[in-house]
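Sequences listed follow chains F and H, in order. This note's numbering puts the first residue of the first sequence at 192, with every later residue one more than the last. This note's numbering puts the first residue of the second sequence at 2, with every later residue one more than the last.
Worth flagging that the hints you see were computed from the coordinates, not collected in a lab. Positions of the beta carbon are idealized from the N, C-alpha and C atoms, including for glycine. It is possible that some hints are incorrect.
Using C-beta positions, here's what the derived DEER-type ranges look like [stated by the list, open to error]:
(1) Ala182(H) - Ala414(F): 34 to 42 Å
(2) Lys213(F) - Asn88(H): 37 to 45 Å
(3) Lys391(F) - Arg145(H): 19 to 27 Å
(4) Val48(H) - Val301(F): 30 to 38 Å
(5) Arg145(H) - Glu240(F): 49 to 57 Å
(6) Asp197(H) - Ile399(F): 18 to 26 Å
(7) Thr350(F) - Ser184(H): 35 to 43 Å
(8) Glu240(F) - Arg36(H): 57 to 65 Å
(9) Asp58(H) - Asn413(F): 28 to 36 Å
Calculated from the model, a selection of chain H residues having no Cβ within reach of chain F, i.e. all distances over 12 Å [claimed, not checked]:
(10) Phe34
(11) Pro49
(12) Val137
(13) Ser151
(14) Asp181
(15) Asp197
(16) Ala210
(17) Asp217
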Amino acid sequence: MSSLSLARATLLKDLRMEWRSKDAINSMLFFSLLVVVIFSFAFNPTAEESRLIVGGLIWVAFLFAAVVALNQTWARELRNQVLDAYRVSPAPANALFVAKVLGNFLFVVVLEALMAPLFVVFYQLRSVGPVWQLVIIALLGTWALVVNGTFFAALSIRTRNREIMLPLILFPISIPALLAMVDSTTAVLTGESSPDFWMKLLVVYDVIFTAVCLLLFESVLNAE
Amino acid sequence: MPLDGNIQPEAVISVESPAIQAAIVLQDLVKFFGRFAALRGISEYFVPARLYVVVGDNGAGKSTLLRVIAGLTQPSQGWVRLLGAKNAGAVAHRIGYMGHASLLYDELNGMENLRYFAGLYGIPDDAVCRDAMRKVGLDADLERRVGQYSQGMRQRLSLARAVLHDPDLILLDEPFSNVDARSARDMAAVLGRVRDQGKTIFVVTHQAALMEQVADEFVQMSAGKIVSRTGPKQVSASVAVDAGGAL
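With the hints as extra help, turn the sequences into a complete structure.
This is the structure in structure tokens:
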């Protein structure tokens, strides 16, 4: 079986398990909903103010929601030590990593699709710049979060306080990507500046970290 | 068989050496967990097509030894050679491992679990999974998720997962725990038949009496060392006493 087929089989297995348990998606939805509602009531912003602050709010909601999914992704493999079954098999480590990244990417993208209309309603949001740019920023930003997050979640699975460890490791290394996500989103929403530089930065960040994570994942998987 | 100390890998795998035939060669194996030495310098070899039963008290190092052989834990010192290869990864497709935990997904049913693990070994055929379930006495059409299985059913499914790809070397950690006496005897008989097909089997268990009829050799461990290797008849009396409570 090729790496691609293995990644596909692992992805389908994860989606089936998530569909049955709904461990990750429920927590993600609940958390994001809280952020949308609480900040909306707290700030009660006008449409103009919303365009300035929502770039940050959106990514705070998605970042913390993504951490929930990222912790769940490896928790499933630790229950009953199932990861050992993968480690003793001849299956390549990267197939597992790619499947996990794609799974988390899907979960977060679905969450974003569900939450975007709520942001529009609660914050009276109208984008000045083209909406298709927001879609690209969302995809690039989400990939940056999940590729690093999946890798560092794997790195922290053998630590005692792994749910605390993940944000501690992930957030500092994601600062360039977070900066690019927030600034490019705000740039498109307000239409006051071009998001091109930040979008290019996101592309470079994604390429570099995807390559590095793929290179190092096997060592992380087999670390003690 | 014990090896002489300080033998280099190249020396062990010389044509003259009996270890050339070995399924497993262990040389000066030491494993530390912090300051605790779980394995303390084990040098042994194990020939193919035999069923070895590893016995010993809790904390003797049995499970650690099995994990080191499977390549799941790296030794602090020394080396392992499996089926002629220097690392377990190179012969992973020829090794079957059943851990102390079930190594199964609770959210999936039996067939879904086996189908996924079969895919890891490049087996696309559903018939292989069905056959593996049948051999351990489970119904392949059972829709119930593994999380709702009894402990005994999990153990049997776990065994099916370990032997799914027809491995040459089978490593089993406590395969009979929480399995009723009759099922355990059936499982032991299955292992005997698998050994007769030329497979090497390494079973860590506290229920050694179950293996009395099928084992070729009992390997006694104590305090991180292999202290004796004896035929089943030789340990018959002591094993019966040891396992009496467990059975």
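Now for the hints, and whether the structure bears them out:
no.	hint	in the structure
1	Ala182(H) - Ala414(F): 34 to 42 Å	40 Å, holds
2	Lys213(F) - Asn88(H): 37 to 45 Å	40 Å, holds
3	Lys391(F) - Arg145(H): 19 to 27 Å	52 Å, violated
4	Val48(H) - Val301(F): 30 to 38 Å	55 Å, violated
5	Arg145(H) - Glu240(F): 49 to 57 Å	55 Å, holds
6	Asp197(H) - Ile399(F): 18 to 26 Å	55 Å, violated
7	Thr350(F) - Ser184(H): 35 to 43 Å	38 Å, holds
8	Glu240(F) - Arg36(H): 57 to 65 Å	60 Å, holds
9	Asp58(H) - Asn413(F): 28 to 36 Å	30 Å, holds
10	Phe34	9 Å, violated
11	Pro49	19 Å, holds
12	Val137	16 Å, holds
13	Ser151	15 Å, holds
14	Asp181	21 Å, holds
15	Asp197	24 Å, holds
16	Ala210	27 Å, holds
17	Asp217	24 Å, holds
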